[in-house]
Amino acid sequence: MELPPYATLGQRVWHYTFLVICGLIFFFLIAPILTIIPLSFNAENFFTFTPGMLAFDPDAYSLRHYEDFFTNSQWQAAMWNSIKIAPVATLISVALGTLAAVGLSQSHVPFRRAIMAILISPMIVPLIISAAGMYFFYSRLGMQGTYWGVVLAHAALGIPFVIITVTATLVGFDRSLTRASANLGAGPVRTFFKVQMPLILPGVISGGLFAFITSFDEVVVVLFVGSAGQKTLPWQMFIGLREQISPTILAVATILVILSIMLLTGVELLRRRSEKMRGLSPG
Amino acid sequence: MLDTRSDQAFVSFDRVQKSYDGETLVVKDLNLSIGKGEFLTMLGPSGSGKTTCLMMLAGFETATHGEIRLDGREINNIPPHKRGIGMVFQNYALFPHMTVGENLSFPLEVRKIGKSERETKIKRALDMVQMGDFVGRRPAQLSGGQQQRIALARALVFEPELVLMDEPLGALDKQLRETLQFEITRLAHDLGITVVYVTHDQTEALTMSDRVAVFDDGRIQQLATPDALYETPQNSFVAQFIGENNTLRGTVKTLDKDRCVVTLDGTGEEIDALPVNVKKAGDKTLVSIRPERVEFDPQLGETSHTLDAEVLEFIYMGDVFRTRLRVAGRDDFIVKTRNRADQKRLSPGDKVKIGWLPQDCRALDH
Chain C
1 MELPPYATLG QRVWHYTFLV ICGLIFFFLI APILTIIPLS FNAENFFTFT PGMLAFDPDA
61 YSLRHYEDFF TNSQWQAAMW NSIKIAPVAT LISVALGTLA AVGLSQSHVP FRRAIMAILI
121 SPMIVPLIIS AAGMYFFYSR LGMQGTYWGV VLAHAALGIP FVIITVTATL VGFDRSLTRA
181 SANLGAGPVR TFFKVQMPLI LPGVISGGLF AFITSFDEVV VVLFVGSAGQ KTLPWQMFIG
241 LREQISPTIL AVATILVILS IMLLTGVELL RRRSEKMRGL SPG
Chain V
1 MLDTRSDQAF VSFDRVQKSY DGETLVVKDL NLSIGKGEFL TMLGPSGSGK TTCLMMLAGF
61 ETATHGEIRL DGREINNIPP HKRGIGMVFQ NYALFPHMTV GENLSFPLEV RKIGKSERET
121 KIKRALDMVQ MGDFVGRRPA QLSGGQQQRI ALARALVFEP ELVLMDEPLG ALDKQLRETL
181 QFEITRLAHD LGITVVYVTH DQTEALTMSD RVAVFDDGRI QQLATPDALY ETPQNSFVAQ
241 FIGENNTLRG TVKTLDKDRC VVTLDGTGEE IDALPVNVKK AGDKTLVSIR PERVEFDPQL
301 GETSHTLDAE VLEFIYMGDV FRTRLRVAGR DDFIVKTRNR ADQKRLSPGD KVKIGWLPQD
361 CRALDH
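As they're listed, the protein sequences go chains C and V. Here the first sequence is numbered in UniProt numbering, starting from 1 and rising by one per residue. Here the second sequence is numbered in UniProt numbering, starting from 1 and rising by one per residue.
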């Protein structure tokens, strides 16, 4: 971004101020995440940089916290719980959210705005209120403290993300394509899977990613709805902070950050590919 | 206005009505039968109900009242994907995530046609529209005209007997439109398919169709062959909508079987006209005369009367001259004359006499 030659003094001052503000925003967003990465290699049981680490002494660094994460049965149980819960919750969110978005995009559906608002409410209502409500609701159903209880609760939290991203993709969807498909002899199910789904896939994928991360990161609802058997990674991290104060948390956090970056990159590549297929960008 | 040509109509609308909101009728009492192999155009301004009729035939809209028949079978309750009607959409509606070949293969796969037969049919359909080399391209890599050819091939590939076209050439430039108009009519006749074509372009309707149904206000105003529509419009809407037309307001003075005398508003001059849509003396009427049927300074005996006119504008258009005149108090009277060596070029302010044959001057409803 370059200043035009006719910029006034005021514009120049504002230009540089703006750059400083942008830099500060980035710093406050990224610095906390970046500092945990070196700290996770700490050889001591501390949450701070030791003098040895600051002097770049190789002996001050170690992988012991990573070793702890991969050998400690509690951490392992939590990891497997998260791996069992998040993908299933994501699948449910994507399936139901996509269906809802497709249905609500049709103009003949009555009360579509009201229904949409209700479906999106888990995103707006404070999490603690949703969590408390779900606790009482699932208790009545006998699902409190069960695997499916947590999965359904997380799916409900993920659905709004899928609805929003898929609805946004559907705005650009040409309705005459589904008409053309029907005219050529395809029934509604075939039309959905062969014509509509491939074209809204980028939105479905992005929504699925958000739903997955919501479930994988979520700690409040799982505390209410789950029991010891559904202890997820964020829950274990919460316990780790409160009770053990073990830097293993930092190792887990680093792993999660790297996982998130990989996931985002992978999904973005996938999204670009299907957008190319959609004919939006020249192949 | 019933069709007498085909006793067994291939497509028929019987007292069909359509209302979207349950209050106002978009289509009011539509009766229309289309013969097998006929090229019928629904022509009309936007909002006249023509597209709604096409959508009811395709099955995307349901008729509020009445019966729609295809080949003798009532199709009101058959969903669109089971009607087996081909359709070309205004915006082409090609599937962007499929290649041209996959687009054409789609209706064939639905019909569970084997791979080798599919390939033969796809090749034949693409050759019909001269797009044989484009089988592997995606729609985004094609121009508008090419996309419309593919859309046409896709509507024909599964060999439907009835093909609907919803303003298929609306988005193309004039030259491409004329080429495709010719190709569509040629294909339709070669394949013997029945075509229902919707357009708001009257030139397109006149050049392509066997018959044209002129729509306005949810009704068919006139259903006739292109020449009958132009030469003998039955009411003032059709006269105005098809081609260029001059209208003069007046009152019927006397009315015989094939002659009437009309007193023009404004000047009170009296002219002879052919009574088409007037019922009795004293009725208000709009008299319609085509611009190319008006003569300057007519010889006595050629026409039954002459009117005084003043030239307001003279436009040189190459093959024709277009002269705007003030006649009977109106200043939008147009006369078209061929560019002949002896044709006088008028200038604004000139006083002339004009006349026409009484049968070219049609007294219509007001």
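It should be emphasised that the hints constitute simulated quantities derived from the structure, not laboratory data. Just so you know, not all the hints are guaranteed correct.
[What the hints assert, rightly or not] Example chain C residues on the side facing chain V (calculated, C-beta under 8 Å, incomplete):
(1) 30
(2) 110
(3) 114
(4) 116
(5) 171
(6) 174
(7) 179
(8) 180
(9) 183
(10) 185
(11) 186
(12) 195
(13) 196
[As the list claims (entries may be wrong)] Where chain C lies over chain V, by a calculated footprint (3+ residues, C-beta under 8 Å):
(14) 202 to 210
(15) 306 to 313
(16) 341 to 353
Positions of the beta carbon are idealized from the N, C-alpha and C atoms, including for glycine.
Hints, one by one, checked against the model:
1. Given the 8 Å rule on beta carbons, the hint for residue 30 of chain C is violated: about 37 Å separates it from the nearest Cβ of chain V.
2. Because the beta carbon of residue 110 of chain C sits about 14 Å from the nearest beta carbon in chain V, more than 8 Å, this interface hint is broken.
3. For the restraint placing residue 114 of chain C at the interface with chain V, the shortest Cβ-Cβ distance is roughly 21 Å, beyond the 8 Å limit, so the hint is violated.
4. Contact between residue 116 of chain C and chain V, as hinted, is not supported at the beta carbon level, the nearest pair being about 23 Å apart and thus beyond 8 Å.
5. About 16 Å separates the beta-carbon of residue 171 of chain C from the nearest beta-carbon of chain V, more than 8 Å, and the hint is not met.
6. The interface hint given for residue 174 of chain C is met, as the beta carbon of that residue sits about 7 Å from the closest beta carbon of chain V, less than 8 Å.
7. Given the 8 Å rule on beta carbons, the hint for residue 179 of chain C holds: about 6 Å separates it from the nearest Cβ of chain V.
8. At its closest, the beta carbon of residue 180 of chain C sits 4 Å from a beta carbon of chain V; the interface hint therefore holds under the 8 Å criterion.
9. With a least beta-carbon distance of about 5 Å to chain V, the hint placing residue 183 of chain C at the interface is held under the 8 Å criterion.
10. Given hint, residue 185 of chain C at the interface with chain V, holds; its Cβ is 4 Å from that chain's nearest Cβ, closer than 8 Å.
11. A distance limit of 8 Å between C-beta atoms decides the matter here; for residue 186 of chain C the minimum to chain V is near 5 Å, and the interface restraint holds.
12. Interface hint at residue 195 of chain C: satisfied, since its Cβ lies 6 Å from the closest Cβ of chain V, which is below the 8 Å cut-off.
13. With a least beta-carbon distance of about 10 Å to chain V, the hint placing residue 196 of chain C at the interface is violated under the 8 Å criterion.
14. Using a Cβ-Cβ cut-off of 8 Å, 0 residues of the stretch 202 to 210 of chain V lie near chain C, which falls short of the minimum of three, so the contact claim is violated.
15. Proximity of the stretch 306 to 313 of chain V to chain C, defined as three or more residues with a beta carbon under 8 Å from a beta carbon of that chain, is not established by the 0 residues found.
16. Coverage of a stretch by a chain is defined here by at least three residues with a beta carbon nearer than 8 Å to that chain's beta carbons; for the stretch 341 to 353 of chain V and chain C the count is 0, and the condition is violated.
Hints 1, 2, 3, 4, 5, 13, 14, 15, 16 from the list above are not met by this structure, while the remaining hints are.
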